[in-house]
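Chains as they are written, first to last, in the numbering used here: chain A, 1 to 73; chain B, 1 to 462.
Just so you know, the hints here were simulated from the structure itself, not pulled from any lab data.
One or more of the hints may lead you astray.
Unchecked claim - Derived DEER-like restraints, expressed as beta-carbon distance ranges:
#	chain 1	residue 1	chain 2	residue 2	range
1	B	Ile-459	A	Ile-54	36 to 46 Å
2	A	Lys-41	B	Phe-413	48 to 58 Å
3	B	Ala-315	A	Ser-44	19 to 29 Å
4	A	Ile-17	B	Gly-207	39 to 49 Å
5	A	Arg-9	B	Asn-39	21 to 31 Å
6	B	Pro-434	A	Thr-29	19 to 29 Å
7	B	Glu-149	A	Asp-6	52 to 62 Å
8	B	Pro-229	A	Pro-40	19 to 29 Å
9	B	Gly-231	A	Ser-44	20 to 30 Å
10	A	Ile-54	B	Arg-266	21 to 31 Å
11	B	Phe-151	A	Phe-42	35 to 45 Å
Positions of the beta carbon are idealized from the N, C-alpha and C atoms, including for glycine.
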Amino acid sequence: MKAKKDRRRKFTWHLIIGIAVVLVVITFTPLILSPGRIHPKFLSMPFTLWTGIIITLLLVVLTYAGSRMRDND
Amino acid sequence: MLTWLLITGSIYVTILFLLALRSRRMIRNQGDFLMAGSNIGLVLGFMTFAATLFSTFTLLGMPDFARTHGVGAWIFLAFSDAGMVFLIVWFGYRLRKRVSEKGFNGMSALLQDCYRSRWAGTIYFTGAFIFLIPYVAIQIRGVAIFLVEAFSTTIPFWAWCLLIVVVMLAYSEMGGLKAIIYADFMQGTLLMVVVWIIALTCLKNLGGWNEMFGRLEAEHPALLSTPGPKGLLNSQFLIASFLAILMIPVTQPQLSTRLVIMKNTRAMYRMAVAVGTFAMLVIFPTILIGLYGAIRYPDASVSEFLGRVLLHDHAGVVGSAAIIGLFAAAMSTSDSQLFALGNEFRGLLSRDPSGSLVSTRIAIVVFALGALIFSLFSSDELVLLARISFAGTAMMGPLVILGILSRSPQGAFMIIATGIGLSAFILSQTGIFPDNVGPLRMDLFLMISLTICAIGSYIRRR
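One chain only, chain B, in its complex shape (with noise of 0.2 Å):
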């Protein structure tokens, strides 16, 4: 196993590198560092933002949801990501076309500039700056964790840890946007690949397709249906991660630039299906090794399971690649949200889109580190914090969404209303205020207000 991930590993590396030099030998300006000259075709823009959207908590979250709660899992991830880009046939065009007006910037200085209030920016930034710095983190720990627990070696946990943010940096910082996008390409390629093998492998183990399914109902008849044997996938959870989801391109900056760089609408049209077709192929083997596991590990622990259906049921090469499939998989959704929050923070701070990169630079290798140290100490349950990420950022997702869509500034409210949101849903998640609004779960009951709040201030002030 050691030596094919010596040689897996480093011809990746070596591949991210090459990649990396040739995108920096193509930058000319701060737009091709920044927004990779804007000009990004159907292949490769659907490459970049399925790589982006997919992180490790697909390869290591999903197959411990769908062990721990069933089919329901389907519902969760796959179905709400066919909801999100069909989102963005209607979104990217509103996007795109503002965008056409005003310049882009970064979402951040757009919304300064649509609602005429620095307020409206920095709202954005420092709601995506709180759940985007541990939504990377948690990537880092899960695969820092799962090398620890896979090779039981002399290197510590942090040293992984540190490991994968340098090889991130480095990249990202030698060849900009257009390395991150040329790198998710080649990450997206080997996650669908890994995880397809790592399925059929784990269908192969149990006798087929008909005999996993046959088992299931005799063993644990509970995961073939929702809630789930736990109760947690029932109708409202599954609609409150459903509009999180949704929400993604419109609030998570790394997105949200992906559909503004693609080089015309058609392309960003087209890159929607394509995501969506993606989405599919890739969740699905996820929910079939989740539901080998509950057959073969159902009482293992979260890393035991994850060691063993990733690594050890599997020959030495397919294990390697799912080290590197992992790798892969945790840094290109990182790199690309530290480089988005880098080029929001420069945004935030300059009106100048030619001034220096300086300070973009600096951001990104702050947030890196500030990512880095939270990974140190974070929770371990992927998928769930993952799903804190997504409902955090979609408490913006109506002020974004109001702002793109007015032709005139909106004034304060709703920058304060989505002030008040994202302070409630924090101080939910602390356990200072409930999880719930009478019937309603907390997350649920802010979205609809937020977006009750946003069509209010729109017609009022049409």
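Chain A on its own, in the form it takes in the complex (with noise of 0.2 Å):
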């Protein structure tokens, strides 16, 4: 019982890892990084600035949910 729960914090943990490097990878592609790209709006904010601060968001959280995943070190 112990060890499948063990196998799938470990499994889980490597996910959180997973979505963070896409979010890391996604950011530096030109797809936030779009030169000249204002549009889409939100907030009045232009694109690359709220897509940065919820991707940012997300990886605040996925840090929350990866040390939650490593509570029993």
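Got two chains here, each in a separate frame; can you build the complex from them with the hints?
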């Protein structure tokens, strides 16, 4: 039972790392860093700013999720 | 303004020294002085980490950086900081595990132990010294320039620099790391409050949020996307900056120490989340201040812009709080860096953790004097100089991570590779080596090369 739980925790931790890496890679592609792209706007903010804020927020949420996974380390 | 400054300044310095005295009374041994008893809880831990991380360049540098290069400044710093706190969850655990086996007398001593080579610690200390002393210096210089510009008094530039260094040395020598941590708590809070008050006042002056972005789109559209009007914030620059900032808690002793002294791993994890949140909350208003400056003062010099936006566009009490906030930001980072360098020096010289503190205290004073002298002559470009400091120390990241991760000594290969990497980076900064290797920036090329070397060394030895 404990071994199964540990395997699941390990898998979730690796999944969190995977999502974080994907987010980081996406950020440095033209998907986010698109020269001259201002639209679509959100709350009047230009595209790069609001998407940057959302991705940053997601990384912090992933940090929290990852820290919860590793609480018993 | 001067009256308000005298009132808030007196309150600030009094609290600082009361905290230092309180810490002094709690010191019973070297561990208390150097490592704050290694029992720091979540709230103090997060505030000391955040205050140490966010220096003068946050309050002085980032608004000007955003004014010049636009909204990409968010990706440059806030996003990179979020990556950094994620890394803490993995690296912090590994570091603490290693420390529980070998003890902690500074990162230099730990690396000496991991590599079983004195050179590992020497290379680490040399890199930290070369890139942290100028970083401390530019913070002292940044605040001093601002004060001279703001007051135009008879107090000369060097006297402001000296005042900052003396106050900083006095309370850190008096109360040790605990005093610095208490001061960080106050300084972090002050930084957050001041930066938001200024940003909200700026928004109000422009007629609100929508008005500001509307005017920017009409007058300075290049600021609203990357790479910004000057083309600096391209993917390569941002990737290299991301990697450099990612490595800060790995390679900068003042932050590695803060991971070690947390009372348990769980508190360290939560601290990482809190620092990520704090980073977003502190950086966002600095970008708003910068965008306000782009509309109001597009052609002003850096000091003119900062003088207006931080002092003259607000009520006297806000301006005086901004000055104290700047003092606080400069000191909270500088004292931690100097203290950590002193501790590293001690660890490098002696393996006996119970040895005398005299060498540490003298080293801190000598490093502070070095930073003071450097501050009188360094350049004024805070953010770019800070970035060079981050990139320089990041060269040691693979060396540190390899040492922490591997169970057996890794030999001399990685130590030599890091020495070459550091030398190549310094030579590229002085113009002797080129800025690029093929299509890659030199810093990015070196970071990738050293990472490959570390992975190769790890696989081969395993």
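Okay, the hints, checked on the actual structure:
For Ile-459 (chain B) paired with Ile-54 (chain A), a C-beta distance near 37 Å keeps the hint of 36 to 46 Å intact. Our hint of 48 to 58 Å for Lys-41 (chain A) and Phe-413 (chain B) holds, since their Cβ atoms are close to 51 Å apart. Between Ala-315 (chain B) and Ser-44 (chain A) the beta carbon distance is about 27 Å. The supplied range of 19 to 29 Å therefore holds. At about 45 Å, the beta-carbon gap between Ile-17 (chain A) and Gly-207 (chain B) stays in the expected band of 39 to 49 Å.
Between Arg-9 (chain A) and Asn-39 (chain B) the CB atoms are about 28 Å apart, so this pair conforms to the stated range of 21 to 31 Å. Range check, Pro-434 (chain B) to Thr-29 (chain A): about 27 Å between beta-carbon atoms, so the 19 to 29 Å window is met. Roughly 59 Å separates the CB atoms of Glu-149 (chain B) and Asp-6 (chain A), a value that falls within the hinted 52 to 62 Å. Checked against the hint of 19 to 29 Å, the pair Pro-229 (chain B) and Pro-40 (chain A) passes, with Cβ atoms roughly 22 Å apart.
Gly-231 (chain B) and Ser-44 (chain A) have their C-beta atoms about 25 Å apart, which keeps the hinted 20 to 30 Å range intact. Taking the beta carbon of each, Ile-54 (chain A) and Arg-266 (chain B) are about 28 Å apart, inside 21 to 31 Å as hinted. Here the CB-CB span from Phe-151 (chain B) to Phe-42 (chain A) is close to 42 Å, well matched to the stated 35 to 45 Å.
Figure legend: structure checked against the earlier numbered hints; every hint is met.
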